[in-house]
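Fit chain B to the supplied structure of chain A, relying on the hints for placement.
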Amino acid sequence: MAKPRVAIFDFTGCEGCELSQLNFEDQLLDILAQVDIVEWREAMDDKADEYDIAFVEGALSTPDCIKRIHDIRRRTKVLVALGACAVDGGVNAIKNLHPIEEVRATVYGQDQYLFPTLPALPLSAVVKVDYNVRGCPMTQAEFLRVFTSLVMGKQFEEPDLAVCVECKLNENECVYERGMICLGPVTRAGCNSHCTNFGQYCIGCRGLVSEPNLKGMNEVLTSHGLAVDEAWKRLQLYNAYRLQGVRA
Amino acid sequence: MAQYFLEQARVADFVAHLLASNTVYAPHRKGSRSYAFAKADDPAAVVLDYPRTLSSVKKFFLPPREVLLNFDLTLDAASVPPVEPGNAVFLGVHSYDLAAVRRLDFNFTTGNPERNYLARRDGARFIGVSYVPDKFHFAGSVGIDPYDMTGCDMFLTKHADGWIVDIPTGEGSELAAGFKLEAHDEPKPPRAHFTQHVFVPQARLGKVMEASYDHPVWNETADACLGCGTCNLVCPTCYCFNVQENVDIACTSGQRERSWDGCMLRGFTEVAGGEFFREKVAARQRHRVYRKFKYISDVTGQPWCVGCGRCTASCTAKISIVEIVNRLIRDSERDESILT
Chain A
1 MAKPRVAIFD FTGCEGCELS QLNFEDQLLD ILAQVDIVEW REAMDDKADE YDIAFVEGAL
61 STPDCIKRIH DIRRRTKVLV ALGACAVDGG VNAIKNLHPI EEVRATVYGQ DQYLFPTLPA
121 LPLSAVVKVD YNVRGCPMTQ AEFLRVFTSL VMGKQFEEPD LAVCVECKLN ENECVYERGM
181 ICLGPVTRAG CNSHCTNFGQ YCIGCRGLVS EPNLKGMNEV LTSHGLAVDE AWKRLQLYNA
241 YRLQGVRA
Chain B
1001 MAQYFLEQAR VADFVAHLLA SNTVYAPHRK GSRSYAFAKA DDPAAVVLDY PRTLSSVKKF
1061 FLPPREVLLN FDLTLDAASV PPVEPGNAVF LGVHSYDLAA VRRLDFNFTT GNPERNYLAR
1121 RDGARFIGVS YVPDKFHFAG SVGIDPYDMT GCDMFLTKHA DGWIVDIPTG EGSELAAGFK
1181 LEAHDEPKPP RAHFTQHVFV PQARLGKVME ASYDHPVWNE TADACLGCGT CNLVCPTCYC
1241 FNVQENVDIA CTSGQRERSW DGCMLRGFTE VAGGEFFREK VAARQRHRVY RKFKYISDVT
1301 GQPWCVGCGR CTASCTAKIS IVEIVNRLIR DSERDESILT
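Residue numbers (the numbering used here), protein chains in the order written: chain A, 1 to 248; chain B, 1001 to 1340.
Isolated chain A, as found in the complex:
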């Protein structure tokens, strides 16, 4: 069986997810042995006409992005969104909370007419996405699960449960017991509750679960004497696209 041809692309983002791929270090050679990487701007010069799997990082935020993602979708059999920006729009979508012309003027000043810009979109708003690797940067363990599933021709099951589940499996003391805001109850697990394992609170980088009870979340914050406004700002850090039109 021929090795899958893999291409890696980036849109609006910090390239941290691609860097995470290069950071596999111990596993990188094993990964490379499974596939042929045919295009990857961050790491090599070659280009290819078509691919079996495209890993795509970043949000779509310019007319050119829209053209390019359509082109990638045409050339690839499987498209995987890599990281919070590609999956949910990520931090880029915070700009969507302001009028687009105001954002453009603020960022580009007198040269704004040289830089057409759009509200930030996740890949799935424009093309069909087959699988997600969530997180900011992407959760490496989840990348490996998606990667091995694809190589083996297996369906990848995206986790749809709250970070609370992994916190309980790891027997962490609840962050709310320590009087801090935690987005774990409405955030997708799959990170093995990485931040809370180390005494931090969850900042929601893996996006919301499929059916978050946001009204219930407000009640939880209020009953714990925590600031709902502050919590909503934190929720918007990674979920501004998904929460457009939703209010605390």
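Keep in mind that the hints were calculated from the coordinates and are not lab data.
Please note that a few of the clues may not be correct.
Each computed EDC-like pair below joins lysine to aspartate or glutamate, with the alpha-carbon atoms no more than 16 Å apart [claimed, not checked]: (1) 1318(B) to 219(A); (2) 1059(B) to 1261(B); (3) 154(A) to 1245(B); (4) 1030(B) to 177(A); (5) 215(A) to 1223(B).
Leaving out everything else, chain B in the frame of chain A:
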């Protein structure tokens, strides 16, 4: 039965005595204000006076995650990893957690015996401790007394200056052998009382539940519930699990892993074809409560809730199982009085 006395100042010595010839699991401080069972190493770090641990001792018999199978795809071979035999001493167990272990014993020996659970459970010895019920405990309502020493090899009852020691079994005598305990013949101190109560005994709860299938409490609870599954995962009698297979990066070998799951989780109710058999949170809440007071209870005659209060104490939305059940009791009694 003879009684002995263990001064608080000698508790660490007693732990050290147990550690000399046993693996000991006991409550330790965890985080800023919580407790968790952990392998005892430093006798001074063991805490016997605590309200409840985050997880129960269940985690030692049914671990949160465990490998059921190792497989090799190139050789087309699989092997079952050996299960570490139990044989440990569990020190500082509350009566409700031991009652939960007896319920799990029933679940895991009825039908297909659960090999891994039973192997880990084998040889376990329990040293119980009494506790003072806090605002979440309601074990008394489900027939489990804080001083109940059923299943214990030793039992420590809280006293102002230490612990009154009962040794109901030969295994307990063996554990205590070589450690000097003073004889104690004074009566036990006054018993602590529960502040939380379920209003009726299990004998009537089955009927109450039957009459409550369409009660508005399920939808109302669902409005507050975040569906995070915490109530399932901290429950000492919940045993549902998920099984997943993962392969290594070379895609040549892998593991079948089992991990705790819960009926409150959306994914738990998903089946092949993308259907959800309990799609609404309200239906999942009802199922959770029925699993504790109706379904298994109809078969065994016992509540499958042990009144530890963990689900309520751990719920960020502060949903109280006692309040739900008592509301169902009140409303079903009112309905009955209208009928008669």
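Status of each hint after checking the structure:
no.	hint	verdict
1	1318(B) to 219(A)	holds, 10 Å
2	1059(B) to 1261(B)	holds, 13 Å
3	154(A) to 1245(B)	holds, 11 Å
4	1030(B) to 177(A)	holds, 12 Å
5	215(A) to 1223(B)	holds, 8 Å
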